[in-house]
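Asks: Combine both chains into one complex, guided by the hints.
Here is what each chain is made of, one letter per residue.
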Amino acid sequence: MPIVEIDNISKSFGANHVLKGVSFAVERGQVIAVIGRSGSGKSTMLRCINGLETIDSGSIAVAGHTLTARQEHLLDLRKDVGMVFQSYNLFPHLTVEENVMLAPRIVKKVPDAQGRATALRVLKQVGLDHKREAYPEQLSGGQQQRVAIARSLAMEPQVMLFDEVTSALDPELTQEVLKVMEELAQAGMTMLLVTHEMEFARRMADVTVFMHQGLVWESGPSEAFFSNPQTPEARQFVGAGAIK
Amino acid sequence: MISDFSWDNLQFLLEATRWTIGLSLIVFITGGIAGFAVALLRTARSPVLRCISALYIQLVQGTPVLIVLFLTYYGLALFGYKLSPIIAAGAAMTIFASAYLGEIWRGCIEGVQRQQWEASAALALNRYQQLRYVILPQALRHSLPPTVGFMVQIIKNTSITSIIGVVELTRAGQLVSNATFLPFIVFPVVALIYFAMCYPLSRYSHSLERKFHAHR
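Protein chains in written order, with my numbering: chain A, 1 to 244; chain B, 1 to 216.
Only chain B is shown next, with the shape it has when bound in the complex (with noise of 0.2 Å):
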């Protein structure tokens, strides 16, 4: 059954990597949205809340992807809730991104200038209205460039999913190779995809950073 390298397996390396970049996109969505609670809470007035998040941070943080992967697809098993591969891996990875997300948007909040809050208090501005029109915008700015490089880590990332059978790109390599013994050819091609995907982003990345710099 050994065969050699051939345009069926490269599009299947392809097709799979649709789920690599499927993936990633929802990890952004659920993980930016769920970061960006962790990252307003961090910045909470209520000590409270500032520290459950901490805690929250240090916990995901100080945690391996794969061990909060094991616990979504198999610790929720046993009690019951079998996820599917995909949503188990879409989940574990947003809790992941959504802890890193949090730790680099509380950075940006906390950059503005304490001016900047005073000047909007002395205004009237309620606390809500601080963020939304006069802090936010600023920090928006600084969070561009290093949220653009962590996609980069995400999209990277997915590649653990495949230890639960979902069939992205590295699980789709492993299948390829085992099936044509060809490790040396399969897994640079596999790496080229990825780099495809990761280039253009850390690009974009240091492009935003330059522009930024530029401006103030």
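So here's chain A without its partners, still in its complex pose (with noise of 0.2 Å):
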């Protein structure tokens, strides 16, 4: 049974038809990239899967919690799923341990002592137990990013929602964030990410999701799909990301 699946949602703001009936699934421990023009919708498709943005109509199933248009039980399905965003968001007032311990300790309630201990396996995942008692501000762009995942980390979540993590980053401090994701997803986390890294998607991700249009366009194994895209669409899309 799939964790996440998407079942014909649309949204909309305004007059500006933004998702018009999107449907797919991720199985337990894959990776699935999304790709797609600005304004493809591929950013407000992954930020419906936590309730960031309501649906008008369709569902959304993940890790065994029900999301529709009325957006019951959300606190509850958002355990269960983690989110990193393109900037970072990390709270500037606590330090690093501070932001990473938060929401265990007062979502979960997790004792002190042991969310420490999480937070300190998580820091040292992404490479930054050294940095516990720094603020966000004393970060580089990458180490927030990396920060920003062991906060989501923290939370045990069953998926992470990756929105274009490293657009904001120069390709230095890119590479590695990415470093980091692969680990993850050596791991065997299941993760949505919404990039613009196709060399990353084609490499890592087991399926590519190319949106278009507020539609899901084209979909497939990512190898076959960025060496043969089907439709005329996808085919200039990814060409267009070979040249550059």
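Read the hints as simulated data drawn from the structure, not as lab findings. Check the hints yourself; a few may be wrong.
[Unchecked claim] List time: in silico DSBU-like cross-link candidates among lysine-lysine, alpha-carbon distance up to 35 Å:
id, chain 1, residue 1, chain 2, residue 2
1, B, Lys156, B, Lys211
2, A, Lys131, A, Lys109
3, A, Lys79, A, Lys20
4, A, Lys124, A, Lys109
5, A, Lys124, B, Lys82
6, A, Lys131, B, Lys211
Keep in mind it's a predicted model, so treat the numbers as computed, not measured.
Replies: Structure below.
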């Protein structure tokens, strides 16, 4: 049974019809890359999965939680779904360790000692255990993004959503973040990533989903998709990516 | 009965200053609590609550404090609620402060980046937890300079309570002036005492502003 099942979801912002009936499924342990032009609805689709955006119709099932237009049981769903943002969004008034410990402590009521141990473990995982006492503003963008990944991991999510997480980073910092994500994927984490990193998508994603005009235009195993896109739009998009 | 401005007069003014300070402190606290509630309502998810609190702010900000004071003192007396001048003064000033502080703090809460709400929501925090652990601590930083600045307004505005007979600094100044016929000595002294209370706060507000600007 798929761990994420998106069934015919629609979403409009006013007159702007962003998602026009998107469906696809993610199996446990899979890495799915979602690519497409700006405005194709890929980020909106991702944000619908954990209820940051409401859906107008359709339904989303994640790890046994069902999300409809009514948005019930949202908090339960979010406990199982981690999210990492393009702009990191660390809490600037808290240290790295406090950022990581906050949600387990107040949402899951994890005791302090255990929370600290978890923080240490996930910060080690992203290679930043030596920055526990630092404040976000003292870190580079790449480091902040790795802390954001650790913060999400500390909730022990079953699925992680990555929303263009390297778009604000220069190539060198991008690599350090991608490396952490690669290790996560190898450790068996179910991941959905909206990305412009074509190379990474091709190499790491089991399935690539190409979105166009609010629809899943084409999708398939990454290697096949990238070497032989079926639709003209996908071919043009992937081709343009290759030239760059 | 005309006499010179004496130490006794000065002592009288300083004793009356205690009321100015006392009333200001009460209004900081009660107005602060009420203002916090107004700020939370102003940023609530329910449009009805937002609308009611906006109306309250508009109403109070569009009315002279003096009129609010007359309403609490003379107005309520008509309905049989005879408040002592100091209580009426405290109540009127609390209403005044709550509207302004509520609006200042609303701005500070809304000044926290939208993404901070999203990041904390994605971590499964409920709305109370988001406010308590993520939004308010950041809003607090930004709120300190304007809040301290507004305290200066409160101290100066307590002078209007002299109208209903609270013998605070301004009223005491009038009394001494009437007794000595030396307004050009008495009122500068009164002004100086106000200045001595307000200036340090103003300076403090500026230094806080610099400190927080340097930090982020």
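Asks: Hint by hint, note whether the structure agrees.
Replies: These are the hints, each one checked on the structure:
no. : hint                  : verdict
1   : B/Lys156 <-> B/Lys211 : holds (26 Å)
2   : A/Lys131 <-> A/Lys109 : holds (24 Å)
3   : A/Lys79 <-> A/Lys20   : holds (28 Å)
4   : A/Lys124 <-> A/Lys109 : holds (22 Å)
5   : A/Lys124 <-> B/Lys82  : violated (68 Å)
6   : A/Lys131 <-> B/Lys211 : holds (25 Å)
Hint violations for this structure: number 5 only, all remaining hints satisfied.
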